[in-house]
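Chains as they are written, first to last, in our numbering: chain W, 4 to 639; chain C, 4 to 639.
I should point out that these hints are in silico values taken from the structure, not numbers from a laboratory.
The structure presented is a predicted model; accordingly, all values stated were derived computationally and were not measured.
Careful: at least some of the hints might be erroneous.
It does not matter which identical chain is meant; a pair holds if it fits inside one copy or across any two.
[Stated by the list, open to error] DMTMM-like, lysine to aspartate or glutamate: derived pairs with alpha carbons at most 20 Å apart:
id, residue 1, residue 2
1, 405, 322
2, 522, 548
3, 218, 232
4, 211, 152
5, 474, 597
6, 622, 144
7, 373, 144
8, 276, 152
9, 405, 152
10, 498, 580
11, 373, 400
12, 373, 152
13, 577, 118
14, 211, 41
15, 235, 288
16, 405, 320
17, 218, 467
18, 340, 41
19, 577, 144
20, 18, 379
21, 194, 102
22, 512, 540
Number of protein chains: 2
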Amino acid sequence: MGFEYLTNVPPEQAKSEYLRKLLENGFSAQVETVPVRDSYGRITSRAVYAHLNAPHYAASAMDGIALHARDSFGATETTPVTLSADQFVVVDTGDPIPEGCDAVIMVEDLVQNDDGSVTIHAAAAPWQHIRQIGEDICAGEMILPSFMEITPAAIGAMIAGGVLELEVIRRPAVGVIPTGDEIIPPCADPKPGDILEFNSSIFSAMLKDRGADVKTYPIVPDRFEAIRDTLKKAVDECDMVILNAGSSAGRDDYSAAAVREVGEVLCHGIAIKPGKPAILGYRGEKPILGVPGYPVSGIIVIEEFLQPLIDAWYGRENDRGSRTRARLTRPVVSGLKYREYVRLRMGYVGDSLMASPLPRGSGVVSSFMKADGILEIPQGTEGYAAGEEVRVRLLRDRGQLKNTLLVIGSHDPLLDELSDLIHREDRRIFLSSAHVGSMGGVMAVRRGEAHAAGIHLLDTETGEYNRSYIKKYFPHGGVRLVRCVGRRQGLMLQKGNPLGIGSFADIAKAGVRYVNRQKGSGTRILTDYLCRKEGVDPDLVYGYEREELTHNAVAVQIASGSADAGMGIYSAAKLYDLDFLPICVEEYDLLIPEKVWNTGLVKQLIRTLKSEAFRERIKAMGGYTLDRPGEIIDVF
Amino acid sequence: MGFEYLTNVPPEQAKSEYLRKLLENGFSAQVETVPVRDSYGRITSRAVYAHLNAPHYAASAMDGIALHARDSFGATETTPVTLSADQFVVVDTGDPIPEGCDAVIMVEDLVQNDDGSVTIHAAAAPWQHIRQIGEDICAGEMILPSFMEITPAAIGAMIAGGVLELEVIRRPAVGVIPTGDEIIPPCADPKPGDILEFNSSIFSAMLKDRGADVKTYPIVPDRFEAIRDTLKKAVDECDMVILNAGSSAGRDDYSAAAVREVGEVLCHGIAIKPGKPAILGYRGEKPILGVPGYPVSGIIVIEEFLQPLIDAWYGRENDRGSRTRARLTRPVVSGLKYREYVRLRMGYVGDSLMASPLPRGSGVVSSFMKADGILEIPQGTEGYAAGEEVRVRLLRDRGQLKNTLLVIGSHDPLLDELSDLIHREDRRIFLSSAHVGSMGGVMAVRRGEAHAAGIHLLDTETGEYNRSYIKKYFPHGGVRLVRCVGRRQGLMLQKGNPLGIGSFADIAKAGVRYVNRQKGSGTRILTDYLCRKEGVDPDLVYGYEREELTHNAVAVQIASGSADAGMGIYSAAKLYDLDFLPICVEEYDLLIPEKVWNTGLVKQLIRTLKSEAFRERIKAMGGYTLDRPGEIIDVF
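The shape of chain W in the complex, shown without the other chains (with noise of 0.2 Å):
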């Protein structure tokens, strides 16, 4: 349990130093020479000249014939000219000329004799009709500056120009070396304490897509020789290495001691968050990166730090995406001593682009995916208020954020299917769902965050659903409910119901281990109003304060034996193979700002609802009733 000393060196600062000792150590791209054919999208090292002209000969630009212009001269329609066979030569476009000639007449202007002679009605000028030698381009021209990116249409000019092979920016080689006793490659039936190693995919296709060539090496165990030897073999066989260790506290970690055996260590420990662990080492010109192991930390340290390298290999500009400004749907609140990165889910509502924090955990690879955008908190600020507007930096383009539905709200599976059956309609449109409970749906429609909520809320005076709420937070109006489901609650309960539940009461008998739903969320309103009504006392309850904020995250804890029981949705349970106490049928409907009703997005929407695709996907999920999905409630 010790822990090694690291610094905290702000960013910049570490890259810059990172970089400028390098380049004083020698790093620079290297080259290689390539086919021209190969070459595409690869960028020149130095001017590219042509070797031939193109054309490289005389061509005629028509069908006719070739002569020497001097036998036309004087012809007119009143002095026509007659040549005969001797004269001149048939030419098909294309056709190089034939030596002596310097003019093509068309066969259209042309009268063929009986004789093989032809009769002119005008004189050629010379070299009429004729594509000329380099019209195209010269021989010794430059085709291609240094340092551009070659098209395929450069491909054309170089190899008409007699190019065949070019000097080309090679590829750096980085090498990408993942560790640790508990990794283990990637598989369908990991034991617990396994992690499978998907690190080295994603830097792969990171690296990859700016332009470098990856080689992965074999998993190396948390021993300290086996490090760094296969660090120092990396070393020698690429241009840049990444070793991916076992970064977590309290681990073993051999990485420092070994970047410091093979090469020598600028700096352990930058000031991000994630990300803080990180080695920027070097051997020679040759940069060693130290990344810790959760992936989301690992991404931003590459992102940070080996990126620029590879963009400076390029001499490009580090481009880091275009930044726009964007209001934030929450508080986002950052500690002091770090730049904190948040990942952002974003959209436009209307003209205005929400950007929500997505959750920041190291681990958390699916949020990275889900990611619209990033926030980078500066060090020493403490964050944002919610309806702040930030400057982020946006990972799609403005279309596709401008093309995606926001929905926000309750979380029901059927969201995913009608994602799926939404953009397989148009592929244009993207929906993305946030789940924050009933009530945080509710209050981004109030906020104008959203273009739709799914809420299933509960009057516990009427039994009525959602109506009663919306009149209340939505006095003026300016909302449309839209139907969507009917939905079967009740308690998921172990496979075979091992301890006897047989009523929502007996959550509270002992041995019982509750898992329960975030606060705010429609289905803790239930199980809350539950409570009171079958007087049961939540301080009772084993686990009623273990909060999970999905139906489905809550099945699986039961599903995975560590709770018993938990209130949550038929389909649920259905798709972890539960036991299901029915409880209540509720009303999931949509509720939908007036302002958005008429865009292509929502009408998309709503037309999917109506679909018999949606009707058989809702089918085959189980518990769910449909009663005109996709019409409109008369609320107000």
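Once you have looked at the hints, place chain C on chain W.
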């Protein structure tokens, strides 16, 4: 000399009927299963669901001890609880939570006793400091909807979710068949009449860029059976086939007949220019495209008719690049009969986006390479006037266009060297030069279409260069004249001067074939002046009306033996190893509008002119003198 009858189907009609016919015949994307780790950039063909929870086991989120929370209940600052060694397990971050435990207490919150027990001063809530199963991804949940592009993070999420392979849209296989007796594989020493086969390399890069796999077949000679048999084989082996025919009229053209024998022809002849003789054919659901032999025609036909099919295969929108408005610098005339595609060289001068039409010869692949945009002139439109605002399709991003120095005017190879030097110095900056002669350059600067113009305009009365022209054309100033080079002009002659040309006047001698520069070029003005001065009658100079646009093009005609003499600069004569009869030294300067003087682009241009690197390049080219290049010449 026979022509096949061609139809003239409007392109939109041809395109939509073609797609409709193919869909009717079952055209649709094929799918394939690929390993997730190799799936970067591929497109999902259906939704991907997780097989595993991630994490797949409950893990400690801290270093400390795991215990059953119940054993800690009641512990407070004043009533500590001591746990015996059998009541807890020491865990590191990431370790699985041992059987029977449901909470973790951090090492910082423990007092470790000598007997191996620990004392705690606060109760643990069930599941505190534990990463729950499925916290990131729940088994059964959708990871990716259908038809999504796979990102690096999605690869990580899939592997974490236990997905090791997935179904993606297979890349369509496109077969490319080059045909023609005159076509030979790329080489450095073609014979007259040989045409280098570079179309397949251009097409291949264009198609790979859109996500196709390309199979190029060996060149097929102009024999019907050979073409038909290769076509049949290609249609069997591929999803789409391009038959790259010798489309020039007058050639035996077996393409349409071969397509008809292997499949069917929807139409032969489309109202586009270039590209008219295209064939839209098919066998069942497989498109067979007959593509003209001229590269630019072929490129247009593939862009217009094959790329949309690849987009349809992938189910994505046909992305034709962004459109914008730009000002034409020269008139563009078009026939009424066709939709015409005109490549444009583009750039910003100040805030105005300028578009200059590039040469339209269908063999001119270099103009295709230089194109920054495309102007589509609709069928039935006669063209546009100079200065007119037209809607164009951009082929480069605006950022690059905004960083492009437009140098329009007299040709000199030193402009290419400048282009290379400037881009090497600052890789964000590009230099694009257009050769329209000195007077063309003066006019371009007057119209605000260029950042600089290379000019060498002799005042035949004073013998002075450039100044008097500037005073005349810019009576109110607004421009600066910057020293560039002095350069030696003279007669370029066949190596060894076989005709014994000893003075300028000798160009009129019998048997001397002259090659001239275009009207408006500084060299032509000089030549016309020399004629007057030396008493040479241009009408008596054989080839005086034969015009080339650059010094190099003149030199090439002499070097290739089709001309004996032409005025030009020493460096061009040297490049092509010609004899040179010096006539004068002229001032080649750069004319720069005042309003762009302080831009970063022009500042970099001036810096480069003053650089040692420029001096070295100029010296290597030969025939130049340098006198304080980059300094402003006092004109007004």
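Next on the checklist: With identical chains, the pair residue 235 and residue 288 could be close in the same copy or across copies; at 20 Å between alpha carbons, which is it: within, between, both, or neither?
Outcome noted: Close inside one copy (14 Å), not across copies (55 Å); limit 20 Å.
Next on the checklist: At most 20 Å between CA atoms: does that hold for residue 522 and residue 548 within a copy, between copies, both, or neither?
Outcome noted: within (10 Å within a copy, 88 Å between copies)
Next on the checklist: My question is about residue 373 and residue 144: at a cut-off of 20 Å on alpha-carbon distance, are they close within one copy, between copies, both, or neither?
Outcome noted: Classified as between; 14 Å across copies, 49 Å inside a copy.
Checklist entry - How do residue 194 and residue 102 come out at 20 Å by Cα distance, when the copy is not named: within, between, both, or neither? => result Answer is between: at 14 Å across copies they meet the 20 Å cutoff, but 82 Å inside does not.
Checklist entry - Is it within, between, both, or neither for residue 373 and residue 152, if the alpha carbons may be no more than 20 Å apart? => result Intra 31 Å, inter 12 Å, cutoff 20 Å: inter-copy only.
Next on the checklist: Reference check for the pair residue 512 and residue 540, CA-CA at most 20 Å: within, between, both, or neither?
Outcome noted: within (11 Å within a copy, 117 Å between copies)
Checklist entry - From the Cα coordinates, with 20 Å as the cut-off, is the pair residue 498 and residue 580 best called within, between, both, or neither? => result within (7 Å within a copy, 90 Å between copies)
Next on the checklist: Checking an output row: residue 218 and residue 467, CA cutoff 20 Å. Within, between, both or neither?
Outcome noted: For residue 218 and residue 467, the Cα distance exceeds 20 Å both inside one copy (61 Å) and across copies (64 Å).
Checklist entry - Is it within, between, both or neither when you check residue 276 against residue 152 at 20 Å Cα-Cα? => result neither (35 Å within a copy, 28 Å between copies)
Checklist entry - Is it within, between, both or neither when you check residue 622 against residue 144 at 20 Å Cα-Cα? => result Between copies only: 17 Å across chains, 69 Å inside a chain, cut-off 20 Å.
Item to check | Homo-oligomer pair classification [residue 152, residue 211; C-alpha up to 20 Å] | outcome: both (16 Å within a copy, 16 Å between copies)
Checklist entry - Is it within, between, both or neither when you check residue 577 against residue 118 at 20 Å Cα-Cα? => result Neither: 94 Å inside a copy, 49 Å across copies.
Checked against the numbered hints given earlier, the structure breaks hints 8, 13, 17, 18 and satisfies all the rest.
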